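**Student:** Sequence lines, in order, name chains A and B.
Going by our numbering, the first sequence opens with residue 11, and the numbers climb by one from there.
Going by our numbering, the second sequence opens with residue 119, and the numbers climb by one from there.
Because the hints were derived from the structure by calculation, they are not lab data.
Among the hints, a few may not be true.
[To be verified] Cut-off 30 Å, straight-line C-alpha distance, at most; resulting in silico cross-link-like pairs (DSSO-like, lysine-lysine): (1) A/16 with A/196; (2) A/381 with B/284; (3) B/284 with A/370; (4) B/284 with A/318; (5) B/312 with A/237.
In this text the structure is predicted, and so the values were computed from the model without any measurement.
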Amino acid sequence: MSAVLKLTSVDKFYGPIGTGVHAVQSFDMDVMKGEIIALLGSSGCGKTSALRMIAGFEETSRGTIELAGREVQALPPVRRNVAMAFEGYSLYPTVTVGENIAFALKAAKLPTAEVDAKVKEVTEMLEITDILHRYPTSVSGGQQQRASLARALIRDADLHLLDEPMGQLEPQLRTLLRGRIKHYIKERGLTTILVTHDQTEANALADRIAVMEGGVLQQFATPQTIKEAPANLFTGTFVGEPPMNVFEAQASDQGGQVQLDLGGGLHLTYGPDAFAPDVRAMLLARKDIMLGVRPYAVHRETQGAEAKVIANQWLGDQSHIAASFAQGTIVLVEHDRADVAVGEAINVRLAPKDLHVFDKETGAALSHGAKMA
Amino acid sequence: MALALENIVKAFKKDVVLDGISLSVDRGETLVLFGPSGAGKTVLLRLIAGVIEPDEGTITIQGRDMEGVEPEDRGIGMAFQNFALFPHMDATDNIAAPLTARNMNKTGIKSTVDKIARMLKIEHVLHHKPKELSNGQKQRTALARALVGEPDILLLDDPLRNVDAKLRFEMRLELPRLLKDQNATVIYVTQDYKEAMALGNRIAVMNVRGIEQTGTPSDIYLTPANVEIARLFGDPVINLLDVTPFQAEGGVQITLSGVPLTIDAGYLDVVGRDCIVGIRPEAIRFVDEDSAEAIPLEIETETPLNEKTVTLGLTLNGREIMVSRPAGTPGPAQGTGFIAVDANHIHLFDRTTGQRIDPQASPAAKAQGAT
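My request is simple: use the sequences and hints to build the entire structure.
**Tutor:** Structure below.
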């Protein structure tokens with residue numbers, strides 16, 4: 011399958027090229043037809059600049075953007091065949107919400123019956139059928155956001171760009187609408203890029219997530235890969251809720267066993283065969299490492315390292331436990347209601363297969379479980 | 119009892135915001151006021167703080183009637199979602215403000231501020247002005263200021279609303295210990311159900327009609343008083359389907375997508391009544407096609423939700439159902455799946471009033487439960 015969208019060495023400078031603020035740095039990305047991509051990062055990471063360059067609202071300082079076989083970086087937005095739901099690309103205030111949503115289809119001279127059917131379908135999905143006759147300024151921010159999303163999703167375009175599409179939705183609707191929107195997009199095979207700061211939204215919707223920080227693409231991979239093999243400490247701790255537990259550790263060879271010293275008198279000891287030979291060699295050669303373990307991978311067991319519970323919070327469908335461990339805190343997730351009291355001593359096991367090892371200086375991943383990164 | 123409100127009424131012109139609110143909080147307890155904006159949560163806090171006076175009713179703090187007592191004499195500490203720090207003062211002076219106001223000596227102030235700053239991990243930014251602080255540090259500074267005077271009552275108005283997700287999570291785990299160490303009596307306002315469940319010894323669910331249910335997190339989640347409360351707690355939101363219980367050979371039953379489900383015999387009284395059944399997404403599991411009471415579900419899509427996988431599907435009647443299961447456990451991603459509902463974990467509500475209907479503990483129901 012070939013790429014619908016291809017970004018090659020794309021740079022964005024605000025100010026002169028080379029000396030201005032380097033907001034997006036040699037950004038490469040291929041997006042396949044029908045894929046949903048999330049550009050994920052905190053504010054100022056460059057994700058919105060990247061999206062706006064693809065849309066044509068920002069000049070591309072350097073590099074090329076190919077969309078559906080054409081170079082588009084020099085084209086104005088209207089000639090790129092891109093459908094957008096954006097902040098600052100707001101609804102036309104002089105026509106109703108319904109007319110806003112139908113606008114592009116009517117302009118393309120689709121038969122009225124077909125337009126009406128499509129409007130009905132997309133607005134029922136987003137639960138805004140009751141505001142179609144109203145004007146944008148008379149509806150709530152959340153409704154405007156959904157109307158804007160409907161206006162983009164109803165269109166047939168080479169690419170759909172959605173900027174923080176669900177930021178203002180009431181929480182009770184969010185998970186349901188994510189499911190509906192994903193189904194709608196997949197059923198029609200729309201190629202979609204969404205920008206979000208919310209890793210939960212990215213994980214829920216995207217086939218692949220592009221994690222950005224400081225203008226640099228940190229990792230571009232499936233949610234599964236990011237969870238199991240984060241490229242670096244930033245990605246590992248940014249994606250996932252609760253966030254990954256991270257500890258400084260010192261590795262040493264204790265009579266054939268690998269010992270990880272986490273400080274505070276806490277040692278984790280692993281048998282001679284716990285790690286693959288190359289991982290073992292790396293640990294012993296590096297000595298000082300950062301050790302990461304995801305909360306769902308920490309298990310309470312009768313044998314294991316000691317920890318003392320400082321919080322046990324039941325959220326209805328899962329429990330979050332925090333316990334003092336080594337010199338810091340370790341967080342566990344359990345799907346049942348955990349029966350441990352604050353102050354209680356527990357034992358936790360960190361299995362070799364769940365350990366992520368990162369370079370202490372650069373944060374780059376060195377190994378994930380049994381495999382070298 | 120640290121705090122008691124009795125029949126509080128407050129109106130702004132003709133707009134009655136609070137109409138007969140009663141509430142009590144024990145010493146050392148954290149009570150969460152949970153509800154949508156516009157329910158009057160903040161007005162209630164302002165009344166307790168003494169910034170505004172109630173039209174009717176009494177407020178008692180530590181057994182003392184607060185009528186006519188000035189805000190600064192009520193023994194209250196406060197922190198807000200917008201931090202409300204003094205912009206021209208550094209973090210130290212912000213935190214020290216309540217102590218300075220009561221003329222504590224300089225050495226005393228310094229050691230008290232240092233102690234609380236260490237506890238909140240902001241000792242390294244104490245000389246920074248608010249504009250030099252991150253939102254997380256501002257929030258901690260505001261919290262330190264609220265705690266430093268060792269108030270009898272701590273009022274926290276959605277303090278984690280404006281901090282990022284990671285810090286919010288961290289603070290959610292840390293706060294209970296901090297509050298316990300201070301033995302603070304806390305009223306905590308939030309619109310986030312997870313925060314409410316994690317932090318509250320009890321939760322008071324408030325909406326425009328007043329306080330609709332007060333109880334422990336378990337009470338609220340496991341026995342929500344009405345449909346609206348059931349919807350407010352839980353992610354994904356609870357599945358709600360119209361049903362009319364009927365009597366059959368196997369006992370009292372409801373029909374889900376054409377498949378009968380036997381429910382608690384104690385629901386005998388509601389046979390023939392129009393009801394709504396509430397089924398939490400985690401109370402549904404995927405089963406084999408030939409399992410008893412298996413309900414076919416056309417899978418629309420799967421969306422990961424943190425440590426869960428959420429499946430959105432349609433029943434034969436075209437009704438949406440969400441199923442949630444621990445990530446990594448098996449379940450169909452497309453095509454037709456089959457689900458089973460745990461009859462012990464359903465919630466029944468009256469369709470007209472939305473009020474919860476509990477099964478009657480009839481002898482028959484007890485006998486069935488015993489088998």
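**Student:** All the hints need checking, so say for each whether the structure fits it.
**Tutor:** These are the hints, each one checked on the structure:
Distance hint between residue 16 of chain A and residue 196 of chain A is fulfilled; the C-alpha atoms sit about 20 Å from each other, no more than 30 Å. For the suggested pair residue 381 of chain A and residue 284 of chain B, the alpha carbons sit about 28 Å apart, so the restraint of at most 30 Å is met. Proximity of residue 284 of chain B to residue 370 of chain A is assessed by CA-CA distance (about 21 Å); at most 30 Å being required, the pair is judged to hold. Proposed proximity of residue 284 of chain B and residue 318 of chain A is supported: the alpha carbons are some 22 Å apart, at most 30 Å.
Of the supplied pair hints, the one linking residue 312 of chain B and residue 237 of chain A holds, its CA atoms being roughly 23 Å apart against a limit of 30 Å.
Consistency with the previously given hints is maintained throughout, with no hint failing.
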